[in-house]
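**Student:** Residue-level listing of the chains:
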Amino acid sequence: MTKSFSKDLTAFIKDTLWWNLSGGLGYQLYLCFLAALMVLGIYAYFIQINIGLAATNLSNIVSWGFYIANFTFLVGVAAAAVMIILPSYIYKDKDLHKVVIIGEMVAIGALVMCILFVFVDMGGPAKAWHLIPGIGIFNWPTSLLTWDIIVLNGYLALNLLVPTYILFCHYHNRKPDEKKYRPFVFISIFWAFGIHLVTAFLYQGLPARPFWNNPLMGPRFLASAFAAGPALIIVLLGIIDTVTTFKIESQIFNKLRRIIVVAAIINLIMLFSEIFKEFYLPTHHSLPAIYLYFGLDGHNSLVPWIWTAIGMNVTATLTLAFNPGKNNPKVLFPACILLFLGIWIEKGMGLIVPGLVPSPMGEVVSYAPTWVEIAITLGVLALGVFIVTMLLKPALIIEQRFESRNTAAVG
Amino acid sequence: MDCRKNKDCLKPKENGRLKAKQYGRREFLKGAAKAAALGGATMLSGCGTGLLGSNDEFSLRWKEYFKKNYRLMTPAEKDETVRRLERLAKIRTDADIQMSAKAPIEGVLFGYAFNVTRCEGYMECVAACVKENNLDRKSNTQYIRIFEMEHGEMSPEVGDGKYFHEVPVEDHFYMGVQCYHCQNAPCTKACPVKATWKEPDGIVVVDYDWCIGCRYCIAACPYYGRRFNWNEPQVPLEEMTKKQHYLGNRMRHKGQMEKCTFCVQRSREGRLPACVEACPTGARVFGNLLDPKSEIRFVLKHKKVFRFKEELGTDPKFWYFID
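One line per chain: the protein sequences are A and B, in this order. The first sequence begins at 1 in this note's numbering and counts up by one. The second sequence begins at 412 in this note's numbering and counts up by one.
Just chain B, same shape as in the assembly (with noise of 0.2 Å):
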């Protein structure tokens, strides 16, 4: 559902599409003057290439620079962030993204599993990832690795995170990890701006905008679950996903940390996640745990389920299973 037919966003006055349209030459000279005082400043926060572009794109990006921390802003502001972001988009490489700001629903809390006996490597959901997530392909960013694994062994740091072969090999097995949502995660703990933090729905979400990439939360999390942007990301135009989310899919810039979001692009309109859809064998299970007749309360309660690193009282919401 897009949030345009939200109920917040049904303020004609508050409406940034409206808005945006009046970003006229009054509004530029405007920017223009305050920009002269703080010289370079926006040109380094990273956004795009070369000069500043037109009357509308500067604007546009002079208040982007200046907009507070997602979680403190009212749903109008974050009304306004996403069509700005929309426009930009637009103005700069001719994409037409539409993208929510979907507050989480009530009464959900996400939680995940992974069935260690079905997975058989084919790496499917990695691609669909990649793809969903608009990850970065000049640098090859995934969220999600899979470990060759083989009999004796439980634990993804003795596996093989690098395989390039047929699957599945004989008498191995395969491990799939990614962030693990923790509800005590050390990574939001680490932030020293909260550009990090847990959603009422149990998603662990980066505001992308606000990080200042200082990496201390990669050096906190004991499950290699996030991604730091070192270059400016690269994905082909054709081969974005067009419908995103602020604090989901839409497109990263260079010096911003980002994670698996468990799809909230997806997730909070009631679709799975792209990697839980694009399994073949159906190792991957995602569902609400506060619902007692979801899948994975299914499985939480008749299989016998472990998780990673237990001992650091991480409590994350992603198990693991066999059959």
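The shape of chain A in the complex, shown without the other chains (with noise of 0.2 Å):
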């Protein structure tokens, strides 16, 4: 028993490193930008770890920046998954199930480039071994921060293992037992919400920063990622459907689409209410939003940006909804682009920078990232378009295989 199962995963192991290094010449470039990239990444994080965070344009008042906004906004990426498990594991739809393994893959390559961003964050990342629970100290459940490391490991554990389990299973033409995982699905399900809203308790539970102090916060992750993230599983599906075998039937997009519209429309009216709050009566714990929006004592360099996210937003949801294009790919998948760019320059530095500046003692600076902030990210961004490749690749080639056998016994 156990020595056929050791076979099996060789077997299994054996062919997916195979179907990720085989590939025709533009597959073999893309490797090697997204490897060029990563080794810019660590170049730079050397130089951060030699001089210290020094290397980056954080500051005692602006003592978040560009790495904190990125895990923000990827958390949202990963939670997003469960747009797609909910309703082909609950609702059991045909069309979305054929295409949820792509979502949980892209749910694990951004809950790595979470856990990296808040790594590459820290000041003494050699002494991550104090989190963990009996050699270290795990400040549990008093620090939010240590509520999001277990959500965030749990959810890429839930999400390794469901699909793990089923591709294996397809890889040896077994059906996977349902009762085996269906517990695991369900608890993902909760577990995606939990990830967006405990990321969004670790900053509205602080008093101390107005403008994160806001129980619209949580929701508001959610409704974003919830619009962000399928807006990114129409255009990977676009990709897969032109560059490989694997088909993508229409109606799966148009699904996607209303899904997307639902989010982002219920995202807006937040975002309208939000601003609403704080520009009727604005008070002093309205100045980071006049800073974010109008600029503040000349200090303007977010303003530029949160415009163009909005004008995106709009302009991506109001696409989407009244769908002019009939799902056509040359409507859609731009929509889709400039709703998730717009969402990412939002809350990822329209979100934390305006929390920190004014200082507590309102002194406003301006922040931007400096090239070894902006090379780390850069890393840590290829390093999980690599994690989502070599994911896809072989479990795509494992489900149509599976399909095509199983039709094929049918038939």
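None of these hints come from the bench; they were simulated from the model. A virtual CB, placed ideally from N, CA and C, is assigned to each residue, including glycine. Any given hint could be a false lead.
Taking lysine to aspartate or glutamate pairs in the EDC-like style, the calculated list, with each CA pair at most 16 Å apart, reads [as the list claims (entries may be wrong)]: (1) A:K98 to A:E399; (2) B:K573 to B:E559; (3) B:K478 to B:E488; (4) B:K573 to A:D297; (5) B:K573 to A:E363; (6) B:K714 to B:D734.
Some chain A residues judged to face chain B by a derived CB distance under 7 Å, without partners named [claimed, not checked]: (7) G52; (8) K127; (9) T146; (10) A208.
Chain A stretches covered by chain B per the calculated footprint, using a threshold of three residues with CB under 8 Å from any CB of chain B [unchecked claim]: (11) 135-145; (12) 288-294.
Need the complex rebuilt from these two chains, each delivered in its own frame; the hints are there to steer you.
**Tutor:** Here it is in structure tokens:
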């Protein structure tokens, strides 16, 4: 029994590795490009290790910046997989079930990036073991950061567990036992909401930062994530449809589009509600919002970004809602990219920096990342894309083989 | 008072200074074997520059890397780490420091009051603090900030914290800010590894070596009370304050959080913090809140006092008052 299992496992691993490494010239160049970005990131990280976080433009006022902005946004991308998992496993949606594996793989890549962004932001990465319960001290449940560590790693484990089991079964042309994985699917659905709420609470729970100390933050995180995540998946499905033999049916795009529209509209309503509160009768606590939207004391580096983001959000939401191209990829994909980038700006830098400026002592400063921060960020993003590629390529081959074998058997 | 004279430290077998001399070749080889397994972890810990240095230094650094959180150390372990740090300072920079791990005194709860009427903005307190607490000269780290305020306002948020001219300026007054050592400190709640906490005598401290540098405490602090070491701090040897405390003015490293400790190395010895001692106008009052005869209690009883951002419920132990 165990012997045959280990044999099965080695075959599985061997084939996945082979599938990942083989490919045309374009594929090899793509991998080289990602590797180059990762090497750049590692080089920049060594510089940061050497001279300390002084290699960044962070300061005692803007103490979190580009890394944490990207972390926050990517938590949303990871959580968004639930928008496909939920209908496909609970409502037995056959179309979405076909792409559920893609959502889960994107979540894994996003989670690895999240964890790495927090890691590169740490002043003492060598002391990360201080967090491990038993040998270190884990300040749970008091510190929200410990909650975040639990939910992120837990969600990563869940998203590794279920798809690996299903793929492993499909690889050996066996039907996965639904009783075995269904409980984990249910947990992962609740967990997905958890990772994003906990990350919002990380900010929301700080009375020191009026811009963050806002009960709408958690729900808004969810709404924006459920718009940006599926938007990314639509684009990804489009790419898969063109570069691989794995074909995506058009109704899948339509279903995902509808999910995005609902989430994006809720997101805009909440944004409007926030803006109303800040600007109808502005208080001292509205200064961060003024800093973000209009600039304060001549510091207005975020202003063009946030208006671009809002413009992108509104345009994309309207386009997706009225669907003028009738799901024509030439309209659908740019709209999804627009929405994704808009939310990235707004929920990344547009959320983190105004939380910290003006400082608790009222000082206003500007922040823009250094090349080291940008290089490390590119490296982490490249690693994430690499991981998603490495997971998806064999997964799609296995799924396709399983499907063709089974339909052949039925026929 | 030096820790070595403390009762806790009078166990000859536990005496770190004696033990330190025994760190020989065998000890090093033992350490080296473990190091091979861990690879560059110690290199990453960010202590010092260059290669690992002598065998002795390597062994000391190895033990330092794997030491516990300060609060979990036994008195003997506290004494050992303090001795190791003294020896490391000697090896690395030839500095003869005396470090203490003196515990809080029972029946003491420190409090601070700032006389807004008296302060004239000379910033002697800032200079004394930088000197006493070995603050980084490279990044010009300062725990205390003085805000120049126009009449008609009473919150440092609207004052000028960067003034550079002759003081006092007419029609202006001055307000000093620093860590307020809150009773309900949001920073200590935020820390994921319990590297910062409130001591029984009310001082909010950081275990620099336990801090992982995530900076969540900065985000949680409503008073701009905490400072991060963005680069490796630099203090010229001749300017260094050699009498140090583990939780106080000992040398920090890059990637660690630090903050005002009410000069724990002085206050636990019954001395005033450097800022209070340096103030030329007598605007700063410090003392034991549990002692009814203390000056701070007199101020709280007889002056009209107020606290900054009282609505946040942090219960700072730092009051402002007006003559």
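**Student:** Run every hint past the structure and note whether it holds.
**Tutor:** Verification of the hints:
1. For the hint pairing A:K98 with A:E399, the CA-to-CA distance comes to about 9 Å; that is within 16 Å, so the pair holds.
2. Taken as a hint, the B:K573 and B:E559 pair is honoured in the structure, with Cα atoms around 8 Å apart against an allowance of 16 Å.
3. Between B:K478 and B:E488 the alpha-carbon distance is near 9 Å, which keeps this suggested pair within the 16 Å criterion.
4. Restraint check: the Cα-Cα separation between B:K573 and A:D297 comes to about 15 Å, which is no more than 16 Å; the hinted pair holds.
5. The hinted pair formed by B:K573 and A:E363 meets the criterion: a straight-line CA distance of about 10 Å does not exceed 16 Å.
6. The suggested pairing of B:K714 with B:D734 holds, with an alpha-carbon distance near 7 Å, which does not exceed 16 Å.
7. With a cut of 7 Å, the hint placing A:G52 at the interface with chain B holds, because the nearest CB-to-CB distance is about 4 Å.
8. Among the interface hints, the one on A:K127 holds; its C-beta lies about 5 Å from the nearest C-beta in chain B, closer than the 7 Å criterion.
9. Contact between A:T146 and chain B, as hinted, is supported at the beta carbon level, the nearest pair being about 5 Å apart and thus within 7 Å.
10. Satisfaction of the interface hint for A:A208 is found here, the shortest Cβ-Cβ separation to chain B being roughly 4 Å, below the 7 Å cut-off.
11. Note: the stretch 135-145 of chain A has 8 residues with beta-carbon separation from chain B under 8 Å; the three-residue rule is met and the coverage holds.
12. Counting residues of the stretch 288-294 of chain A whose beta carbon lies closer than 8 Å to any beta carbon of chain B gives 0, which falls below the threshold of three, so the coverage claim is violated.
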